[in-house]
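Residue numbers (our numbering): 63 to 165.
It is worth saying that the hints were derived from the structure and are not from the lab.
Here the structure is a predicted model, which means the values were calculated and not measured.
Among these hints, one or two may not hold up.
Computed beta-carbon distance windows for the label pairs [as the list claims (entries may be wrong)]:
no.	residue 1	residue 2	range
1	GLN100	ALA70	45 to 51 angstroms
2	GLU144	PRO114	42 to 48 angstroms
3	TYR107	ARG77	39 to 45 angstroms
Under the rule of at most 20 angstroms between Cα atoms (straight-line distance), these lysine to aspartate or glutamate pairs were calculated in the EDC-like manner [what the hints assert, rightly or not]:
no.	residue 1	residue 2
4	LYS150	GLU91
5	LYS159	GLU91
6	LYS160	GLU88
7	LYS98	GLU88
8	LYS160	GLU75
9	LYS98	GLU164
10	LYS110	GLU132
Ideal Cβ placement from N, Cα and C applies to all residues, glycine included.
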Amino acid sequence: MNEVVKRAEVPEEHRWKTGDLFASLEDWEKEFNQVKEQLQQISQYKGKLNDPATLKKCFQLEDELSILMERLYVYSHLKHHEDMAEAKYQALSDKAKKLSVEV
Numbered sequence: 063m064n065e066v067v068k069r070a071e072v073p074e075e076h077r078w079k080t081g082d083l084f085a086s087l088e089d090w091e092k093e094f095n096q097v098k099e100q101l102q103q104i105s106q107y108k109g110k111l112n113d114p115a116t117l118k119k120c121f122q123l124e125d126e127l128s129i130l131m132e133r134l135y136v137y138s139h140l141k142h143h144e145d146m147a148e149a150k151y152q153a154l155s156d157k158a159k160k161l162s163v164e165v
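Construct all of the structure, not just a fragment, from the sequences and the given hints.
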């Protein structure tokens, strides 16, 4: 085979199942916004990590943010690599990268 096959021409069984992460871009956006909101909560722990219970809550929030961020990042990059010429997924990938820096 000498030509690159377009994504739409690849049989379904040979494609990533990105729907297992998010059913739609709208679902991705909802989780993205959730992470942005939860990220604001981190600042409430500044200067208060001398108490074990507070430290535990901070770590739990950080763990939850990390898991959500990983899902956002992986989905956006899989979609971007499906078709690197698709501007919509380039933007999604960039958006996830920017948020991962904030997290």
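Tested hints:
no.: 1; hint: GLN100 <-> ALA70: 45 to 51 angstroms; result: violated, 36 angstroms
no.: 2; hint: GLU144 <-> PRO114: 42 to 48 angstroms; result: holds, 45 angstroms
no.: 3; hint: TYR107 <-> ARG77: 39 to 45 angstroms; result: holds, 41 angstroms
no.: 4; hint: LYS150 <-> GLU91; result: holds, 13 angstroms
no.: 5; hint: LYS159 <-> GLU91; result: holds, 14 angstroms
no.: 6; hint: LYS160 <-> GLU88; result: holds, 19 angstroms
no.: 7; hint: LYS98 <-> GLU88; result: holds, 15 angstroms
no.: 8; hint: LYS160 <-> GLU75; result: violated, 32 angstroms
no.: 9; hint: LYS98 <-> GLU164; result: holds, 9 angstroms
no.: 10; hint: LYS110 <-> GLU132; result: violated, 27 angstroms
Checked against the numbered hints given earlier, the structure breaks hints 1, 8 and 10 and satisfies all the rest.
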